[in-house]
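**Q** Could you put the whole structure together from the sequences, leaning on the hints where they help?
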Amino acid sequence: MINRRLAGRLALYGSAIAITQSAGAQLYKDPTAPLAARVSDLVGRMTLEEKAAQMQNTAPAIPRLGIPAYDYWNEALHGVARAGEATVFPQAIGMAATWDADLMREEGRVVATEGRAKYNKAQAERNYERYFGLTFWSPNINIFRDPRWGRGQETLGEDPYLSGTLGTEFIKGVQGDNPKYFEAIATPKHFAVHSGPEPLRHGFNVDPSPRDLTETYLPQFRRAIVEGQAYSLMCAYNAVDGKAACANGTLLGDILRRDWGFQGFITSDCGAIDDITTGHHNTKTNPEGAALSVRMGTDTGCDFKDEMLDLPKAVRQGYLKEADMDTAVKRLFTARMRLGMFDPVDMVPFSRIGIDQNHSSAHKAVSLRAARESIVLLKNEQMLPLARGTKIAVVGPTATSLIGLEGNYNGTPTEPILPLDGVEAAFGKSNVSYAQGAPFTEQLAVPVPRTAFPGGLQASFYNGADFTGPVVARRTDKQIDFNWALVDPAPGVSQKAFSVRWTGKIAVPAPGDYALQLETRGNCERGAGTGSYTIRVAGSPDLKVNSKCGGREQAPQPLMVHFTDTMPRDFTLEFTHASGGAGDITLSWKAPLTALRDEAVRNAQDADVVVAFVGLNAWLEGEEMPLKVPGFDGGDRTSIALPQAQLALLDAVAATGKPLIVVMQSGSAIALGADDAKARAILQAWYPGEQGGQAIGEVLRGSVNPSGRLPVTFYKSTGDLPPFVDYSMKNRTYRYFDGQPEYAFGHGLSYTTFAYSTPTIAAGRVVAGKEQTVSVRVRNTGKVAGEEVAQLYLSTPGIKDAPLRSLKGYQRVRLNPGQTKTVTFRLAPRDMAFADAKGVMRIVPTTYNLWVGGGQPGTGAAGSMGTFAMDGTLALPR
Numbered sequence: 001m002i003n004r005r006l007a008g009r010l011a012l013y014g015s016a017i018a019i020t021q022s023a024g025a026q027l028y029k030d031p032t033a034p035l036a037a038r039v040s041d042l043v044g045r046m047t048l049e050e051k052a053a054q055m056q057n058t059a060p061a062i063p064r065l066g067i068p069a070y071d072y073w074n075e076a077l078h079g080v081a082r083a084g085e086a087t088v089f090p091q092a093i094g095m096a097a098t099w100d101a102d103l104m105r106e107e108g109r110v111v112a113t114e115g116r117a118k119y120n121k122a123q124a125e126r127n128y129e130r131y132f133g134l135t136f137w138s139p140n141i142n143i144f145r146d147p148r149w150g151r152g153q154e155t156l157g158e159d160p161y162l163s164g165t166l167g168t169e170f171i172k173g174v175q176g177d178n179p180k181y182f183e184a185i186a187t188p189k190h191f192a193v194h195s196g197p198e199p200l201r202h203g204f205n206v207d208p209s210p211r212d213l214t215e216t217y218l219p220q221f222r223r224a225i226v227e228g229q230a231y232s233l234m235c236a237y238n239a240v241d242g243k244a245a246c247a248n249g250t251l252l253g254d255i256l257r258r259d260w261g262f263q264g265f266i267t268s269d270c271g272a273i274d275d276i277t278t279g280h281h282n283t284k285t286n287p288e289g290a291a292l293s294v295r296m297g298t299d300t301g302c303d304f305k306d307e308m309l310d311l312p313k314a315v316r317q318g319y320l321k322e323a324d325m326d327t328a329v330k331r332l333f334t335a336r337m338r339l340g341m342f343d344p345v346d347m348v349p350f351s352r353i354g355i356d357q358n359h360s361s362a363h364k365a366v367s368l369r370a371a372r373e374s375i376v377l378l379k380n381e382q383m384l385p386l387a388r389g390t391k392i393a394v395v396g397p398t399a400t401s402l403i404g405l406e407g408n409y410n411g412t413p414t415e416p417i418l419p420l421d422g423v424e425a426a427f428g429k430s431n432v433s434y435a436q437g438a439p440f441t442e443q444l445a446v447p448v449p450r451t452a453f454p455g456g457l458q459a460s461f462y463n464g465a466d467f468t469g470p471v472v473a474r475r476t477d478k479q480i481d482f483n484w485a486l487v488d489p490a491p492g493v494s495q496k497a498f499s500v501r502w503t504g505k506i507a508v509p510a511p512g513d514y515a516l517q518l519e520t521r522g523n524c525e526r527g528a529g530t531g532s533y534t535i536r537v538a539g540s541p542d543l544k545v546n547s548k549c550g551g552r553e554q555a556p557q558p559l560m561v562h563f564t565d566t567m568p569r570d571f572t573l574e575f576t577h578a579s580g581g582a583g584d585i586t587l588s589w590k591a592p593l594t595a596l597r598d599e600a601v602r603n604a605q606d607a608d609v610v611v612a613f614v615g616l617n618a619w620l621e622g623e624e625m626p627l628k629v630p631g632f633d634g635g636d637r638t639s640i641a642l643p644q645a646q647l648a649l650l651d652a653v654a655a656t657g658k659p660l661i662v663v664m665q666s667g668s669a670i671a672l673g674a675d676d677a678k679a680r681a682i683l684q685a686w687y688p689g690e691q692g693g694q695a696i697g698e699v700l701r702g703s704v705n706p707s708g709r710l711p712v713t714f715y716k717s718t719g720d721l722p723p724f725v726d727y728s729m730k731n732r733t734y735r736y737f738d739g740q741p742e743y744a745f746g747h748g749l750s751y752t753t754f755a756y757s758t759p760t761i762a763a764g765r766v767v768a769g770k771e772q773t774v775s776v777r778v779r780n781t782g783k784v785a786g787e788e789v790a791q792l793y794l795s796t797p798g799i800k801d802a803p804l805r806s807l808k809g810y811q812r813v814r815l816n817p818g819q820t821k822t823v824t825f826r827l828a829p830r831d832m833a834f835a836d837a838k839g840v841m842r843i844v845p846t847t848y849n850l851w852v853g854g855g856q857p858g859t860g861a862a863g864s865m866g867t868f869a870m871d872g873t874l875a876l877p878r
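In this text, residue positions in the sequence shown follow the numbering used here: the first is 1, and each later residue adds one.
Don't read these hints as lab results, they were simulated from the structure. Worth double-checking, as some hints may not be accurate.
Stated by the list, open to error - Simulated pairs of lysine-lysine, BS3-like, Cα-Cα distance not exceeding 30 Å: (1) Lys783 to Lys678; (2) Lys478 to Lys121; (3) Lys429 to Lys505; (4) Lys716 to Lys730; (5) Lys364 to Lys429; (6) Lys628 to Lys590; (7) Lys628 to Lys305; (8) Lys496 to Lys364; (9) Lys330 to Lys313; (10) Lys730 to Lys838; (11) Lys496 to Lys429; (12) Lys658 to Lys391.
As the list claims (entries may be wrong) - If you anchor each label on the Cβ, the simulated ranges turn out as follows: (13) Glu623 to Ala69: 21 to 31 Å; (14) Leu874 to Pro68: 48 to 58 Å; (15) Gln443 to Pro568: 21 to 31 Å; (16) Ala69 to Ala538: 44 to 54 Å; (17) Arg126 to Arg474: 50 to 60 Å; (18) Asp177 to Gly739: 41 to 51 Å; (19) Asp346 to Arg830: 21 to 31 Å; (20) Asp477 to Arg352: 33 to 43 Å.
Note that CB positions come from ideal geometry on N, CA and C, so glycine has one too.
**A** Here it is, written out as structure tokens:
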């Protein structure tokens with residue numbers, strides 16, 4: 001649908017839009033013609049205004065040319081996102097913790113298949129909306145340089161080699177290997193030097209040193225383009241060296257297109273074109289800013305203000321040539337043609353993928369494998385695994401939190417397995433008790449736990465938003481915490497308009513004042529949350545709310561209830577939804593902290609062991625948001641410590657003397673401080689996706705041997721970090737940090753042990769420009785099967801200002817007890833090069849110290865050392 005601004009311009013220039021093309025053959029419709037000729041023919045038939053409209057993410061149809069509408073904006077950070085039911089993988093940082101390149105490619109294949117399934121169905125339904133296209137704005141391969149960055153959860157960690165190799169395999173999986181057609185297109189982002197702070201991103205400038213730029217901030221993008229052949233790329237909000245990233249000729253022209261040979265199209269981050277003028281002040285007006293972005297290489301804008309529609313004005317005012325627009329539009333339509341959008345469907349093999357392949361059992365199995373591999377055993381004092389008959393007290397807010405599984409930029413999981421359910425399945429429900437124990441943070445409400453609803457809640461669903469007609473579906477819900485984004489809330493219930501009534505009893509852990517509220521988060525543009533709700537608790541006035549739009553913009557209204565005792569009271573919640581997708585529906589409360597904590601202590605006293613599920617969620621850390629509470633600011637964290645309410649919970653249950661196991665769920669590093677010593681075992685489970693609860697239960701039970709490794713450094717405290725706004729890599733990440741971390745990058749324990757032979761190094765001396773080969777034998781010296789992640793690190797003490805050590809290879813290897821396998825690494829010349837002060841990657845005569853082991857040297861990980869020398873000097877191309 002053409003927006004109002006464009007419609008006005010089309011009317012103004014109606015004579016120009018009249019059919020002026022010759023009646024000659026429409027070469028662009030001929031699937032046998034050369035691609036470049038087809039694209040040139042099509043673009044040559046467009047008017048100036050039509051070209052500008054095609055350079056927005058929401059590109060309108062051009063009926064006279066047979067061009068359908070298309071929206072370039074789609075997401076697939078860890079599964080196809082925001083388009084309803086889909087396979088939800090662990091959040092990207094959790095996928096990085098697998099250190100499994102083959103798995104990353106498999107995830108990309110799932111994204112491509114499910115993306116095509118959704119696209120094909122949408123096309124048949126004439127649905128051209130956002131999130132149903134084939135151009136996915138993933139992966140995020142920015143360096144997670146500081147654990148305070150809220151969007152770090154979206155990345156593949158702090159190391160350019162790990163991020164680059166994992167991201168490249170994901171890209172290959174998404175785009176496929178068909179010689180003519182892309183199955184989908186991947187878009188590595190955000191180019192470049194981008195990692196917060198979120199509140200400053202629209203005007204923030206970074207002046208990285210040439211060494212840091214070349215050695216840390218660009219290598220993973222280079223690999224994604226040169227090796228992964230990504231056909232799209234997103235430029236960042238921030239400026240680099242004073243020039244907005246989306247109008248930065250050095251980044252987009254010199255490095256990306258000239259040096260790396262990028263042939264695809266560049267999209268801006270959303271609103272970044274406007275930022276050129278209003279945030280970075282590189283230009284005085286938007287026509288100048290939009291023109292500058294196109295001249296520097298940006299082809300399409302994610303436009304909140306229709307910035308690219310000013311391009312015809314820019315041409316007329318002399319800021320831009322129409323030929324520059326032609327270049328951009330040709331890149332865009334080259335992509336669309338390579339996706340098969342202008343060819344008969346029977347020629348495009350992916351057109352036969354049906355919606356039955358979305359969220360298939362095979363795809364769910366891949367998600368479960370990913371969840372299992374992502375879990376990192378940080379600490380184990382002969383505590384795990386637990387025996388089957390162990391009486392377990394589960395406490396903590398993440399144990400029954402749906403958002404604690406999902407992370408951000410996610411699809412809709414229709415059968416999510418929460419951690420508590422996974423523990424009950426692994427150990428038997430009769431052996432497991434639960435108490436919430438604490439909110440995520442004292443200032444914010446937390447989902448009302450299932451323990452508050454003895455016997456559960458009876459849910460009755462109606463079609464239509466007025467509770468009329470027959471009950472379409474009935475069921476019993478343990479709690480009210482759902483993601484209904486673009487899915488039917490129950491079989492036979494329409495997602496577009498429905499009403500639901502929950503009835504039952506509510507009981508609190510102790511007398512006191514409780515604030516109940518319904519949180520409805522969704523996409524306001526789609527009408528998510530439109531409707532109303534009523535909360536009734538016996539003995540208190542009703543709370544009735546008419547909601548125009550659910551979302552972070554609208555603070556939920558609370559129902560204040562004073563409970564004089566813990567006897568169950570009658571409870572009813574009525575919710576109506578009138579249009580669009582319902583999004584997240586969560587009944588939350590602010591409960592007295594002591595009441596929650598004392599309940600957890602009572603729970604612990606009757607158990608053999610306490611398993612505390614603590615951490616963060618994507619409503620605390622994430623992309624630019626208005627939240628500002630202690631420890632959090634605008635999506636970022638101001639402290640890497642666990643929030644105080646949860647620390648107090650850990651202290652209280654530890655004081656019972658019962659053995660304490662901590663399971664942390666977060667998208668970033670958490671420093672436990674003194675509470676680390678109180679735990680007998682610690683697992684890092686990230687935001688583990690739809691199958692996360694099952695995987696956690698299996699690891700605690702020992703039916704799955706943990707094999708994840710940290711893709712980031714876990715520092716001891718916020719005080720160990722340089723200022724957040726400082727982009728220098730000095731004292732950042734394992735490559736430059738000279739302190740002692742709480743847990744090191746690459747760290748991860750197993751229920752078995754491994755040993756390494758002395759490395760076999762092919763050449764004791766290597767000539768600059770030649771490869772090196774290293775082999776090592778890895779043996780399982782324990783009593784159970786396990787997967788080791790063999791990691792190769794290089795250090796060059798003779799090179800000034802070089803990293804302390806750098807990851808240059810890794811492989812997963814599965815070994816039965818007593819089994820030995822040989823692992824071989826090949827070091828390319830670039831793996832042995834380091835940046836000089838001018839940012840040139842150079843190989844110079846020096847001695848390399850080499851380590852192969854299950855973690856970094858000096859961290860207690862098994863491994864062995866070797867050395868080799870380099871002869872000659874070689875400067876590598878950028």
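**Q** Would the hint linking Lys429 and Lys505 be met if the CA-CA limit is 30 Å?
**A** 22 Å, holds
**Q** Please verify whether Lys628 and Lys305 have alpha carbons no more than 30 Å apart.
**A** 27 Å, holds
**Q** Straight-line Cα separation of Lys496 and Lys364 no greater than 30 Å?
**A** Roughly 27 Å between the alpha carbons, so the hint for Lys496 and Lys364 holds.
**Q** When you take the CB atoms of Asp346 and Arg830, is the distance between them in 21 to 31 Å?
**A** 43 Å, violated
**Q** Could you say whether the range 33 to 43 Å given as a hint is met by the Cβ separation of Asp477 and Arg352?
**A** 38 Å, holds
**Q** Hinted pair, alpha-carbon criterion (30 Å max): Lys716, Lys730. Please report holds or violated.
**A** With a Cα-Cα distance of about 17 Å, the restraint between Lys716 and Lys730 holds, given a limit of 30 Å.
**Q** Quick one, are Lys658 and Lys391 close enough, alpha carbons at most 30 Å?
**A** 11 Å, holds
**Q** Quick one, are Lys478 and Lys121 close enough, alpha carbons at most 30 Å?
**A** Violated, at roughly 34 Å.
**Q** Should the hint that Glu623 and Ala69 are 21 to 31 Å apart at their CB atoms be regarded as holding?
**A** 27 Å, holds
**Q** Please work out if Lys783 and Lys678 have their alpha carbons no farther apart than 30 Å.
**A** 28 Å, holds
**Q** Can the suggested window of 50 to 60 Å be confirmed for the beta-carbon pair Arg126 and Arg474?
**A** With Cβ atoms ~35 Å apart, the hint is violated.
**Q** Can you tell me whether the CB distance of Gln443 to Pro568 sits inside 21 to 31 Å?
**A** 28 Å, holds
Consistency note: the structure conflicts with the earlier hints numbered 2, 11, 17 and 19.
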